[in-house]
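Sequences are here, hints too, so could you generate the full structure?
Number of protein chains: 2
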Amino acid sequence: MHNALLPLITALKKKKALSGVSALLSWDQETYMPEGSIEQRAEQLALIDSISHAHHTSHDFKSAMAEVVDLKTGLPRIDGLTESEKTMVKAVWRDWQKTNALPTAFVEELSKATALGQHQWGIAREQNKFLDFAPHLQKMVELQRKKAVFYNMEGHAYDALIDDYEPGMKMADINPLFDALRDAIIDIRKRIETSKATFVDISESHYDITKQWDFGVDILNEMGFDFKRGRQDKSVHPFTTEFNRNDVRITTRFNPNDLLESFSSTIHEGGHALYEQGLDAYWDGTPLAEAMSLGIHESQSLLWENYVCYSWPFWDGHFNKLKQYFRYEFTGVSAEQFYRTINQVQPSCIRVEADEVTYSLHIMLRYEIEKALISGDLDVAELPTLWNQRMADYVGITPPNDTQGVLQDVHWSYGLFGYFPTYALGNLYGRMLFEQAESEIPDLNGSIRRGEMLALKTWLNDKVHKVGRGTTPSELITHITGKELSVTPFVNYLKEKYGAIYKVKL
Amino acid sequence: MHNALLPLITALKKKKALSGVSALLSWDQETYMPEGSIEQRAEQLALIDSISHAHHTSHDFKSAMAEVVDLKTGLPRIDGLTESEKTMVKAVWRDWQKTNALPTAFVEELSKATALGQHQWGIAREQNKFLDFAPHLQKMVELQRKKAVFYNMEGHAYDALIDDYEPGMKMADINPLFDALRDAIIDIRKRIETSKATFVDISESHYDITKQWDFGVDILNEMGFDFKRGRQDKSVHPFTTEFNRNDVRITTRFNPNDLLESFSSTIHEGGHALYEQGLDAYWDGTPLAEAMSLGIHESQSLLWENYVCYSWPFWDGHFNKLKQYFRYEFTGVSAEQFYRTINQVQPSCIRVEADEVTYSLHIMLRYEIEKALISGDLDVAELPTLWNQRMADYVGITPPNDTQGVLQDVHWSYGLFGYFPTYALGNLYGRMLFEQAESEIPDLNGSIRRGEMLALKTWLNDKVHKVGRGTTPSELITHITGKELSVTPFVNYLKEKYGAIYKVKL
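Residue numbers (the numbering used here), protein chains in the order written: chain W, 13 to 518; chain V, 13 to 518.
Since the hints were made in silico from the structure, they are not lab data.
It is possible that some hints are incorrect.
The list makes no distinction among identical chains, and a pair is therefore deemed to hold if it is satisfied within one copy or across any two copies.
Quick list of in silico lysine-lysine cross-link-like pairs, BS3-like style, CA-CA up to 30 Å [unchecked claim]:
hint: 1; residue 1: Lys27; residue 2: Lys124
hint: 2; residue 1: Lys246; residue 2: Lys223
hint: 3; residue 1: Lys124; residue 2: Lys240
hint: 4; residue 1: Lys478; residue 2: Lys110
hint: 5; residue 1: Lys27; residue 2: Lys182
hint: 6; residue 1: Lys240; residue 2: Lys223
hint: 7; residue 1: Lys124; residue 2: Lys25
hint: 8; residue 1: Lys246; residue 2: Lys469
hint: 9; residue 1: Lys74; residue 2: Lys27
hint: 10; residue 1: Lys469; residue 2: Lys507
hint: 11; residue 1: Lys333; residue 2: Lys509
hint: 12; residue 1: Lys223; residue 2: Lys509
hint: 13; residue 1: Lys478; residue 2: Lys240
What follows is the structure, given as structure tokens:
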């Protein structure tokens with residue numbers, strides 16, 4: 013590392029240490045904290061976050077940065093930096109610029125609106141009263157537009173919002189992808205609906221939770237999750253958090269009647285966790301040791317969940333292992349029957365309960381709506397009608413009420429606009445990465461069958477994880493695969509997989 | 013609360029929130045943290061502690077205090093404070109004065125010497141090489157003398173050190189108590205050694221750990237431990253920590269062959285935890301909502317452990333409950349046999365393994381040594397010989413080596429001088445408090461027998477816990493019991509209890 017960078021590295025490591033402390037406070041709140049302490053925990057979190065913000069906007073931080081970078085342009089002020097060091101410094105500068113772009117008064121207004129908005133959203137959802145939430149949503153939309161103005165980036169306001177989660181990705185990139193994806197999936201969904209295929213029912217058994225836990229841990233070990241630098245616990249909502257590269261924690265949840273609830277979340281969060289554990293130690297504390305984007309993060313979880321652990325090769329090799337835990341529960345069920353059953357397409361009103369095929373349609377809907385809200389083409393009052401119409405058109409279901417419709421997600425009340433598209437992008441990235449891995453790793457599917465997945469993990473470490481935030485998501489995909497980001501691999505994969513499962517031409 | 017105090021209260025709550033964060037970082041390290049993250053955790057802890065120290069020594073904190081108190085004298089600068097508010101402000105001022113009394117350079121020197129000293133102590137203990145540790149101990153003694161000078165308090169340097177753990181307690185108070193205690197216990201020990209009493213052996217069984225856990229939790233519930241404002245986990249060394257009054261956590265450890273290891277530590281830490289949970293919400297963040305001293309803290313754990321849960325009334329009422337968990341393990345064992353066996357006096361070289369009778373002798377030895385080290389009457393080099401001589405005289409055992417002798421405790425390497433006497437004081441306080449409770453709570457021993465211990469908990473809440481740091485330990489004891497602190501109740505208790513168990517005249 014260039015000597016002149018060391019003060020900046022020190023300042024960055026302090027920022028990272030504080031974010032790790034904040035993450036521990038949140039993790040503990042979701043896993044072990046006694047309920048009586050919720051207020052004090054909120055105070056502790058707010059305090060640490062304010063200390064962290066104060067550090068990032070401090071004179072000391074600015075000075076450390078000004079030593080090496082022109083504060084107006086982000087270009088290096090010193091000679092002799094490597095290309096990676098230049099990239100790192102530029103990314104630090106962009107983060108700093110964004111943090112400093114927002115006036116304190118605005119940050120406070122946003123923070124209050126978020127707290128109130130979330131609270132009101134919770135009540136409105138419980139009582140199925142969209143109109144009670146509407147003014148808070150309207151307020152949030154206005155604040156998001158303001159945020160985009162403060163960011164002072166070129167192009168559409170919504171592009172500036174996306175940039176917080178998926179750097180460099182713009183509507184102009186996403187629109188054609190999502191249009192094609194939506195039409196292709198609606199077509200697949202409708203064809204599947206014509207299938208007469210039948211499935212065995214595995215929902216009647218009781219699956220011992222300790223055994224579910226143990227099977228999940230077996231697979232985490234096969235994936236190469238490092239339990240010396242991470243752990244798994246239980247929580248109401250599964251999540252991944254990291255306090256640093258050496259302490260990455262996932263959570264899962266259990267349903268005694270649904271084996272797949274814990275299995276899916278263990279693998280999904282495990283995929284996220286491998287990303288965090290795989291970051292480059294050399295760049296600790298810097299953007300080059302941070303995950304690139306939410307979409308790339310999601311590509312890692314979806315790759316392991318869908319393309320590895322819900323694949324036929326996986327179950328061809330693992331169903332007998334599962335039966336060692338659940339001998340009686342699967343009497344008379346074959347590996348193929350099990351594989352087909354767990355991959356059934358069952359459209360749902362609820363995004364988080366959606367299957368792999370229709371999941372992206374939920375995202376298309378949200379993407380279209382938030383674009384229109386931010387641009388002003390859509391009035392908040394029109395949301396429920398539009399939502400239900402598009403649910404019917406896309407997913408083929410009309411939600412029975414707003415609670416199960418437009419009010420289902422916390423994101424907008426939380427001020428997260430531009431976040432939803434990253435879920436669908438994750439599928440596209442993930443599929444292209446997986447197919448590239450297939451072409452580079454000899455007999456990848458055989459390895460998956462045998463549970464020897466370290467080659468895949470190492471490939472992802474090298475190609476994706478160690479890059480950190482060293483480039484943009486679309487550049488990364490093109491660099492690794494040699495191809496432009498496209499929906500074709502994902503759509504073809506769905507056609508092939510579900511054509512076989514449903515015995516229809518897709 | 014007086015309005016003028018509010019800025020100070022805000023500053024104190026920030027300090028408290030930071031200490032809670034620090035405590036969470038430590039708790040997590042001892043319970044769930046993956047081993048790979050130890051370095052990053054040390055950095056996080058150092059960072060939060062430095063932020064906390066900076067806050068306590070900041071201009072803002074000083075200003076908030078100067079509003080209400082004369083910084084030279086600690087006397088109030090404003091009218092209209094209640095007596096409690098005056099006491100609180102005085103205590104805040106004393107803490108602040110102590111923190112600010114130590115120059116930054118000295119704090120850093122102490123911190124480095126502690127880190128190095130602890131490290132070298134660990135090696136020396138492992139290798140049984142006292143001479144390798146001796147220079148570090150010498151250095152620590154010198155630094156402690158310096159600390160006492162910085163504190164600039166009247167009297168002996170060792171008194172100033174004790175004051176950090178047992179405010180207001182001085183050698184002049186302790187010496188006569190400990191002299192009497194030492195002589196009385198040595199006499200009791202020698203008489204017990206003449207006893208021909210026999211005991212049943214319960215160490216051969218295997219005690220299921222889940223059942224041990226459940227029985228411990230049953231008793232915690234009987235004691236009134238609030239699981240909505242606390243929790244229990246496992247760790248290598250049992251401890252109690254609190255992030256705030258509403259989040260008090262204890263840990264325990266298990267030995268499948270020794271039922272009492274988890275039972276003792278659960279109850280002992282539970283007693284500490286009741287203190288923290290019982291602090292006064294009104295004074296949150298202030299010294300009046302903090303435990304008074306280490307000795308009073310220990311009085312609470314020892315009271316519950318020894319005077320309640322190792323008593324005959326307790327086991328008379330609970331042995332059948334225990335047998336519900338361990339039916340086969342206790343076939344043919346009576347409640348009385350069990351009670352006598354778990355109270356056997358078995359002198360040990362190791363303080364933390366000592367029984368209730370000889371435990372205080374280990375403390376007398378350490379107290380005498382550290383007094384002499386600080387005053388310069390004893391040379392570090394003479395320690396092992398003196399240690400072994402006194403162990404033989406007091407406990408009746410000569411340690412086979414320094415690892416099991418003078419090197420067994422971490423305290424001195426950690427700079428904790430004046431800490432040891434609080435353990436023995438805890439026994440004296442605890443016994444006087446328990447006897448006062450017996451005199452005020454109708455049929456206390458019957459309640460203990462029946463497991464109805466909330467009356468005792470509430471009594472302790474009112475008499476001890478809610479006082480916070482509103483007075484000194486000896487004043488508190490006299491206020492509650494109407495008597496001067498004395499060894500007589502504790503000594504008489506030992507004579508009565510162990511005279512019966514050993515069937516000898518004590």
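Consistency of the hints with the structure:
1. Taking the closest pair of Cα atoms, Lys27 and Lys124 come within 30 Å of each other both inside a single copy (24 Å) and across two copies (24 Å).
2. When the C-alpha separation of Lys246 and Lys223 is checked against a cutoff of 30 Å, the pair qualifies both within a copy, at 14 Å, and between copies, at 22 Å.
3. Taking the shortest alpha-carbon separations for Lys124 and Lys240, only the inter-copy value of 28 Å comes in at or below 30 Å, while the best intra-copy value is 39 Å.
4. Proximity of Lys478 and Lys110 under a CA criterion of 30 Å is satisfied intra-copy only: 24 Å inside one chain copy versus 48 Å between copies.
5. When the C-alpha separation of Lys27 and Lys182 is checked against a cutoff of 30 Å, the pair qualifies only within one copy, where the shortest distance is 29 Å, while the shortest distance between copies is 45 Å.
6. In this homomeric assembly, Lys240 and Lys223 come within 30 Å of each other (Cα to Cα) both inside a single copy, at 22 Å, and across copies, at 29 Å.
7. For a Cα distance limit of 30 Å, the shortest separation of Lys124 from Lys25 qualifies both inside one copy, at 29 Å, and across copies, at 21 Å.
8. When the C-alpha separation of Lys246 and Lys469 is checked against a cutoff of 30 Å, the pair qualifies only within one copy, where the shortest distance is 24 Å, while the shortest distance between copies is 33 Å.
9. In this assembly of identical chains, the alpha carbons of Lys74 and Lys27 lie at most 30 Å apart whether taken from the same copy (13 Å) or from different copies (27 Å).
10. Taking the shortest Cα distances, Lys469 and Lys507 sit within 30 Å of each other inside one copy (26 Å), while across copies they are farther apart (67 Å).
11. In this assembly of identical chains, the alpha carbons of Lys333 and Lys509 lie at most 30 Å apart only when taken from the same copy (23 Å versus 59 Å across copies).
12. Taking identical chains as interchangeable, the C-alpha atoms of Lys223 and Lys509 lie at most 30 Å apart only when both belong to the same chain, with a minimum of 29 Å there against 49 Å between chains.
13. In this homomeric assembly, Lys478 and Lys240 come within 30 Å of each other (Cα to Cα) only inside a single copy, at 19 Å, whereas the closest approach across copies is 43 Å.
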